[in-house]
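Trainee: Each chain, written out:
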Amino acid sequence: MNRYFQRYGKAMTAYIFLTTSLWLLGMVLMPQLLMVDYSFWYHDEGVQAIAMKEADRLEAQLDDIDAAITVAESKLDSAVENARPVIETHIAELEAKAGAMEPLFEPLDEAIRNPPRIYGFKNYIYLLTNTLHRSIFVKTMLFSLLVTFIAFALCYPVAYYLSHVAKGHRTGIIIMGLMVPYWVNEILRTFAWLMILSRNGLANSILSFLGLTDQPVDFLNSDSGVVIGMIYCYVLFMVFPIYNTLETLDHNQIEAARDLGASWIKIHRTIAIPYAKPGIAVGCIMTFMVAVGTYAVPSILGGTSTLWFTQIIYSWFFDGGNWNQGAAYAFALLVLCVTFVMFMMRFFKVSLEDIAR
Amino acid sequence: MGSDVLMQNTTMRFDDYVAVDNVNLHIREGEFFSLLGSSGCGKTTILRMISGFLEPSEGKVLIGGKDMRGIGPNKRPTALIFQNLALFPLMSVEDNIAFGLEVRSLSRKERMRRVHGLLELIALPGMGSKKVNDLSGGQKQRVAIARALAVEPKVLLLDEPLSALDLKLRQRMRQELRAIQQKTGVTFIYITHDQGEAMAMSDRVGVMSQASIEQVGTPKDIYNSPANPFVASFVGTNNVLAGRVDRIIDGFAVVRTRFGELMGRSKAGVQEGDRSLLFIRPENFFLAKEYDRDKSVISSTIYRSQFEGAFINLFLNNTNRSREFMVQLANDGLGEIPSSGSEVRLGFRPELALVLPEGELANE
Amino acid sequence: MNSQRILSLFCSMYMIAFMAYMLAPLAIMAAASFNVSSIPTISPWKGFTMEWFSILFRDRILWDATLNSIIIAVGVILLAVPTGLAGALLLMQMQSKSRNLLYAILISPILTPGVIVGISTLIFWNKLGVSGGLFLSVIGQTSFIASFCMLIFMARLQRFDQSLEEAALDLGASQQQVFFKVTLPFLRPTVLTAIGISFLQSFENYNTTLFVIGAKNTMTMRIAGMVRLGLTPETNALAVIFIVLTIAAAVAFELKRRVEKRREAVLKEMKKREDAAIPLIVSDSFPDKMPDMAA
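Protein chains in written order, with our numbering: chain X, 1 to 357; chain H, 1 to 364; chain B, 1 to 295.
Be aware that a few hints might be false.
Here are the simulated SDA-like pairs of lysine to any residue, each with C-alpha atoms no more than 25 Å apart in a straight line [to be verified]:
hint, chain 1, residue 1, chain 2, residue 2
1, B, LYS268, H, ASP95
2, H, LYS130, B, ARG263
3, X, LYS10, H, ASN74
Rather than coming from a laboratory, the hints here were simulated on the basis of the structure.
With these hints in hand, go ahead and build the complete structure from the sequences.
Mentor: Take a look at the structure:
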């Protein structure tokens with residue numbers, strides 16, 4: 001603390017600590033913890049159901065009383081003068097009875113609107129036992145891994161070419177060319193593929209022109225469309241991290257290896273790829289993360305039969321109205337991501353600092 | 001207010017590591033004082049304590065008689081020239097020099113007047129509007145000096161500012177620094193590991209070993225009468241012979257060494273019968289013609305001879321592998337040059353040899 | 001060296017194919033905006049038209065949504081840039097083990113899928129009685145965009161020579177003055193970068209915003225709606241605008257980089273020559289008196 005005073009003075013130190021703690025607590029830790037908290041409880045539906053039943057019963061009684069009052073009131077108009085007080089008393093009695101029932105509704109309403117919370121694993125057990133959701137979770141994970149792997153296979157040669165083969169201005173121009181799709185809106189990038197993959201889009205035209213298919217392929221209602229779109233959208237999350245690390249590799253090392261007669265496979269396996277490890281790790285982590293967490297691509301390119309896990313989470317929040325269930329699903333997704341990040345860091349022996357370049 | 005610097009029993013600890021151990025030092029007003037020591041000996045720590053970036057763990061630092069505890073670097077009458085100069089790269093030369101004046105809210109006119117004076121002083125007139133990054137190494141050096149002088153410090157602290165320059169420029173800057181110091185009369189405390197620099201510029205030099213000061217004195221004192229084996233072996237080149245003191249006669253000690261009995265000036269603390277060290281510098285030898293065994297002649301086999309033009313360096317057979325025994329003879333152009341493998345007899349004047357009680361030597 | 005040549009030919013072909021893969025979809029999308037056809041396509045080319053652009057410019061819903069996007073982006077910049085800076089300054093001065101933990105927590109929003117950031121923000125603020133809308137979008141986006149800003153500032157601060165701050169302090173500046181006169185000017189280009197990145201990230205964000213936008217609309221949300229519901233070449237016209245802007249920015253970026261590179265080379269050459277040419281300041285060439293320095 002003293003160090004901060006000495007370096008930044010009192011006002012700046014206050015700004016640094018206050019702002020960072022607001023961010024840390026108010027925007028990162030507490031929201032996340034509350035989400036986890038949500039995922040571990042659910043409303044007691046049993047109590048809710050009983051309360052509803054009870055409320056219905058009271059409601060019915062109240063209706064009866066109301067009906068009786070209406071009958072009595074109609075009698076009142078036609079009644080003779082001296083019968084009136086009797087009827088009026090009767091009405092007053094009924095009204096008093098109805099009034100007395102009013103407070104009984106309050107706790108019931110409360111129990112219906114806000115049933116007691118029960119902590120437990122129910123939300124997670126639901127995810128595990130619902131075969132559809134479970135298979136979508138597994139599918140999301142596997143397809144994201146696939147996307148990550150294909151992206152790596154596509155990008156490594158590009159990153160290597162940019163950092164060690166292309167010269168001077170050409171590198172600049174290619175990077176410029178890659179920046180364009182990188183910064184164009186994700187939705188629009190996906191939309192471009194919607195056009196290409198649609199029933200009478202470019203892909204089908206080419207396929208039928210080549211005589212490979214006699215009927216249009218329905219990319220858009222199959223997972224292949226989602227995967228193709230995703231690779232295109234997220235491939236550049238892989239290129240730039242690998243390029244950034246490979247660029248710092250001294251080209252003389254490669255020259256020396258070549259001079260000593262190493263084959264190009266060997267050069268990559270023993271020099272370039274080991275050197276690029278931090279970049280590869282970052283690329284894989286970023287690509288996997290955006291793939292597993294995307295909502296845009298599957299919602300645009302996929303159909304109802306190709307749901308992505310994020311879409312189920314979304315529907316828990318905005319269609320199903322069960323936030324607790326949604327929170328549990330979100331947390332499961334987060335755990336998957338954290339596991340992947342940890343695995344990659346272990347596997348490539350990189351630290352968090354490397355990840356942040 | 002005076003501008004002398006006084007360190008009283010000053011100690012600096014970083015966790016368990018003692019960087020400066022109980023140092024007492026008085027640097028007089030207006031002198032050019034150098035702290036000489038190898039890297040990691042604690043000299044930069046002393047500088048940072050004087051400038052206020054570090055507070056001593058124990059003891060005091062006084063400037064002009066005033067205790068500096070609790071006074072930050074921005075409130076002390078000192079200015080520091082950093083090893084890397086630390087010029088502000090985004091400002092022009094002018095703005096750099098005027099920085100200290102600007103934060104003191106001097107008027108623009110006054111600032112410019114002083115900046116022009118300082119630019120004259122460092123012989124870079126008209127360079128004020130240049131960007132710092134457009135300057136050469138030597139020019140940057142001067143701007144750093146001007147920037148520090150602009151705030152009229154009582155004490156100017158210099159942390160090896162010449163180390164980044166090439167040899168030729170470094171030698172020229174020595175002269176210039178000394179000249180600036182004499183013109184301004186500011187107390188200079190100069191930190192260096194370069195003996196030549198310390199000797200050439202300073203009024204007095206403090207020699208540091210690990211965390212403490214071994215000797216303070218004029219360059220001549222330090223070189224000619226080192227106070228202990230560390231200083232004797234650290235400053236300049238010195239040959240050292242270990243042995244036992246046989247006898248002491250009229251301030252001269254006779255020491256039994258592996259070259260036989262040799263004589264040198266005896267310093268305080270040397271006792272008959274004690275183990276001691278005899279130091280004799282390479283340049284104090286001459287070729288001995290006499291055949292008698294003298295207390296100031298050694299004979300040995302040369303194992304390597306090196307011709308250097310003005311000098312001839314002879315390396316004698318040595319049992320101690322870590323320290324070479326070197327003799328430097330002037331080349332008079334006439335005499336024969338002793339070759340490797342030949343036997344040679346070398347004499348020295350006992351007044352030029354020094355006998356000190358056994359103690360720690362500096363690492364080569 | 002024949003195999004070498006085959007290899008390099010293969011390399012070039014691969015690169016051409018990859019660039020085509022990256023750029024062709026954008027080109028197709030752009031071309032379709034000029035087709036008369038009322039669904040976005042290029043294969044039956046029915047003639048050239050600018051009609052879709054004029055429809056686009058008259059689309060009130062879209063431009064209102066764009067205004068919302070801009071409002072959110074400005075809010076995000078105002079929050080995320082100072083927050084990221086504070087985080088970077090805090091972390092740079094920490095040394096202990098707790099630094100690693102704090103660092104991990106502060107960059108975790110980047111490594112968390114955007115939907116989860118949105119969900120946690122929604123739940124937390126709902127509890128405080130705030131429901132989805134522009135404000136919540138700003139908050140949700142800031143929580144991870146601030147992490148990006150922090151990383152950008154940290155990268156720059158790592159190259160900051162701390163002795164500059166010490167020099168300023170030593171020359172008598174207060175800590176505040178040091179920050180505003182030395183540290184902040186050093187960070188200025190980085191502040192601009194952080195603002196740019198924050199704007200782009202915020203403007204194009206979909207996954208987080210989806211959960212916290214409530215009943216409002218942003219440009220990206222609106223485009224998603226247009227793509228999913230009423231598919232017309234209006235979307236393509238919008239894509240053309242996006243692509244043109246991006247290309248312009250990329251070209252400007254590349255040109256700036258080239259100019260800087262050239263300038264650096266020239267400077268290096270100049271400096272080499274100068275040391276030999278400085279006049280001496282030994283005693284006799286000195287001015288007789290020190291310049292009058294009395295305050």
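Trainee: A separate judgement is required for each hint: does it hold in the structure or not?
Mentor: Structure-based check of all given hints:
A threshold of 25 Å between alpha carbons decides the hint, and for LYS268/B with ASP95/H the separation of about 23 Å falls inside it, so the pair holds. For the suggested pair LYS130/H and ARG263/B, the alpha carbons sit about 15 Å apart, so the restraint of at most 25 Å is met. Restraint check for LYS10/X and ASN74/H: the C-alpha separation of about 15 Å stays at or below 25 Å, so the hint holds.
Going through the hint list in order, the structure satisfies each hint without exception.
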